[in-house]
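Asker: Line by line, the protein sequences are chains A and B. No gaps in the numbering here: position 73 of the first sequence is 73 in this note's numbering, and each next residue is one more. No gaps in the numbering here: position 64 of the second sequence is 64 in this note's numbering, and each next residue is one more.
Just so you know, not all the hints are guaranteed correct.
[What the hints assert, rightly or not] Going by beta-carbon spacing under 7 Å, a handful of chain B positions derived as facing chain A:
(1) Ala48
(2) Asn50
(3) Leu70
(4) Thr72
(5) Glu73
(6) Arg77
(7) Val88
(8) Ile90
(9) Gly92
(10) Thr101
(11) Ala105
(12) Ala117
(13) Ala118
(14) Met121
(15) Leu123
[Said to hold, decoys possible] In silico lysine to any residue, SDA-like type, Cα no more than 25 Å apart, as pairs:
(16) Lys426(A) / Phe146(B)
(17) Lys14(B) / Asp429(A)
(18) Lys471(A) / Ala117(B)
(19) Lys455(A) / Val88(B)
(20) Lys139(B) / Glu460(A)
Hint data in this document are derived by calculation from the structure and do not stem from the laboratory. The beta carbon of each residue, even a glycine, is placed where N, CA and C say it ideally should be.
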Amino acid sequence: MATTDKEVNELIKREYEHGFVTEIEADTFEPGLNEDIIARLSAIKNEPEWMLEWRLKAYRRWLEMEEPDWAHVGYPKIDYNSISYYSAPKRKEDMPQSLDEVDPELLKTYEKLGIPLHEREKLAGVAVDAVFDSVSVATTFKEPLAKAGVIFCSISEAIRDYPELVQKYLGTVVPHGDNFFAGLNSAVFSDGTFVYVPKGVRCPMELSTYFRINAANTGQFERTLIIADEGSYVSYLEGCTAPMRDENQLHAAVVELVALDDAQIKYSTVQNWYPGDEEGKGGIYNFVTKRGACIGKNSKISWTQVETGSAVTWKYPSCVLRGENSVGEFYSVALTHNYQQADTGTKMIHLGKNTRSTIISKGISAGKSSNAYRGLVKFGPGAEGARNFTQCDSLLIGDRCGAHTFPYIESKNKSAIVEHEATTSKVSDEQMFLCRQRGIDPEQAVSMIVNGFCKEVFKELPMEFAVEAGKLLEVSLEGSVG
Amino acid sequence: MLSIKNLHASVEGKEILKGINLEIKAGEVHAIMGPNGSGKSTLSQVLAGNEAFEVTEGEVTLNGENLLDLETEERAREGIFLAFQYPVEIPGVSNLQFLRTAVNAMRKHHGEEEMNAAEFMKLAREVSKQVDLDPSFLKRGVNEGFSGGEKKRNEILQALLLQPKLAILDETDSGLDIDALKVVSDGVNALRSEDRAILMVTHYQRLLNHIVPDYVHVLAGGKIIKSGGRELALELEEKGYGWLGIKDEETADSAAN
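I would like the entire structure built from these sequences, with the hints used as guidance.
Answerer: Here it is as structure tokens:
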């Protein structure tokens with residue numbers, strides 16, 4: 001590891017100091033985590049009593065838990081008492097006033113990705129005029145959603161306005177004690193997204209946090225809850241293909257999806273947080289718990305993710321297939337470059353009869369990075385006639401990177417069927433020679449070969465997302481041939 | 001057009017080409033014949049700029065410009081095309097996308113406007129008919145699951161699309177049945193023109209019945225040991241490589257078996 005404990009703690013500290021110096025004390029909590037801090041956090045957010053109780057219960061559970069170290073990643077130990085757990089959204093005067101004040105490297109990337117100018121400002125955290133920021137977007141999107149009866153708001157709003165729904169489902173998919181990072185998130189989550197699609201409704205548009213007001217500054221402990229009621233359908237896009245200006249070192253988000261009878265949820269992520277520089281310094285640690293529960297019969301949950309960001313990623317979007325004939329899908333592209341480390345995969349837990357799951361994972365390693373697929377396919381005793389198909393492909397660029405596959409299969413039902421295919425390949429010198437002999441630039445050739453390798457996953461993404469994801473890979477791979 | 005002087009090249013420290021001299025003018029078709037291991041394929045790879053080979057001595061110019069100073073892709077854009085003996089597969093990348101990327105890289109280099117997907121599709125469909133490839137091949141991955149003959153036709157398709165100045169054909173006839181050989185030859189003959197040169201590398205003379213060369217050179221031990229006209233190839237076929245005092249490894253091998 002190029003980063004040391006000291007550096008990490010300094011980074012975390014620096015952020016706190018920055019907040020402390022430039023903002024009045026009430027806006028940012030002193031670093032540290034205890035019941036008092038959680039109570040203050042809950043109070044600032046005007047949460048009802050039950051929510052505070054829920055958080056405290058999670059905190060007490062978390063105190064008894066140990067940080068996991070089984071993932072194939074290495075990072076310096078995090079001091080959870082040196083983090084500040086609440087910071088009010090930045091005030092306008094503290095933000096960059098124009099793009100001139102923003103890191104030129106970041107701007108170059110936006111340009112390559114073809115992001116419109118006004119969006120660049122927003123992404124870079126420039127203090128943009130509020131008129132652009134929300135009103136037009138809000139009215140265009142809020143109206144048709146309200147008409148369909150879809151609830152799409154921040155989780156803080158939902159806790160206040162739809163307490164029955166939140167109480168009924170929050171923590172049912174990812175409980176307090178699920179894992180260390182989920183426990184921490186449950187205690188201190190700052191904000192996030194809430195979606196409820198009523199019975200029989202097909203959500204009239206792709207929902208995206210990108211378009212939601214208040215999406216900015218949801219911070220490092222984001223919480224998302226999506227509920228698709230009987231016979232409904234929703235497609236949700238998380239993130240944005242542009243690198244976000246983000247000063248948080250540690251991210252521990254929780255996403256819970258619940259699909260009732262005949263409901264379908266499609267959850268797509270394109271994530272490219274700051275991976276650290278070429279030396280492996282800086283970069284975000286992303287420890288996220290994403291899980292969907294197909295509790296209804298014939299329900300379906302699909303995860304599609306394209307990951308190019310973060311210094312360290314620890315992420316396993318999973319499906320619990322409880323309802324009869326329910327379907328879980330996981331399509332993933334994870335690209336690591338320079339010193340990035342990713343340990344990602346999925347869990348498919350088959351509990352109901354005739355449940356089916358598909359896993360297509362494409363790992364691409366370049367530079368000195370390390371990329372691991374970790375997957376669990378589990379069949380409970382009741383999973384009569386269940387089946388899984390898993391395909392894990394790894395692509396290596398250069399000879400200093402690594403790819404690892406850790407597939408786990410547990411079956412308590414003899415009628416369950418598992419198919420597993422795994423391949424590892426390299427971008428070969430012959431392929432490169434063919435492309436270059438036809439006049440194609442080496443970098444363009446690599447990007448084309450990598451895009452071809454990911455095709456099966458990209459076709460699962462919503463159209464415009466797929467195009468952007470392709471461009472994103474191209475940008476992320478820059479400098480990978482030399 | 002192409003001038004090769006005293007070219008020496010080696011792979012992993014072993015010298016394969018030991019002083020090649022060759023002049024090719026625009027409009028000419030040259031055939032290089034020789035037994036296996038004589039350096040035929042090495043010569044085509046070195047001209048195209050395969051970095052696995054190291055040029056240790058000599059010079060190569062294309063229209064007066066030093067070719068050896070150029071990167072592989074720059075040579076391609078200057079008009080060097082190599083039809084591969086064993087075309088490699090690129091899974092998931094559609095042939096159409098690959099071809100359009102290549103054609104547009106050339107167009108960009110020549111200051112021409114890039115072709116959009118629709119324009120290119122039309123052009124590619126026409127040319128694929130010319131080499132008797134069903135347009136459905138355009139949608140498949142580059143060479144992915146193609147038969148040997150289909151791969152070779154796909155190479156000629158690329159040559160026709162890219163319109164090179166110098167087309168190098170490396171054992172384009174190997175693995176082809178007589179019908180496929182005819183299709184490929186027709187494609188190559190369609191490439192013949194006043195301002196283009198073709199360099200064919202082949203073990204057998206049968207290709208030369210279909211693509212009639214202006215000059216034939218015999219390569220052995222990394223050197224051109226004899227040059228002549230069309231008749232040289234026929235004489236070789238009749239008398240075998242042994243006639244020139246060359247040991248043909250393939251013949252020797254098959255005799256040993």
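Asker: So which of the earlier hints does this model not fit?
Answerer: Checked against the structure, the hints that fail are numbers 3, 12, 13, 14, 15, while the rest are satisfied.
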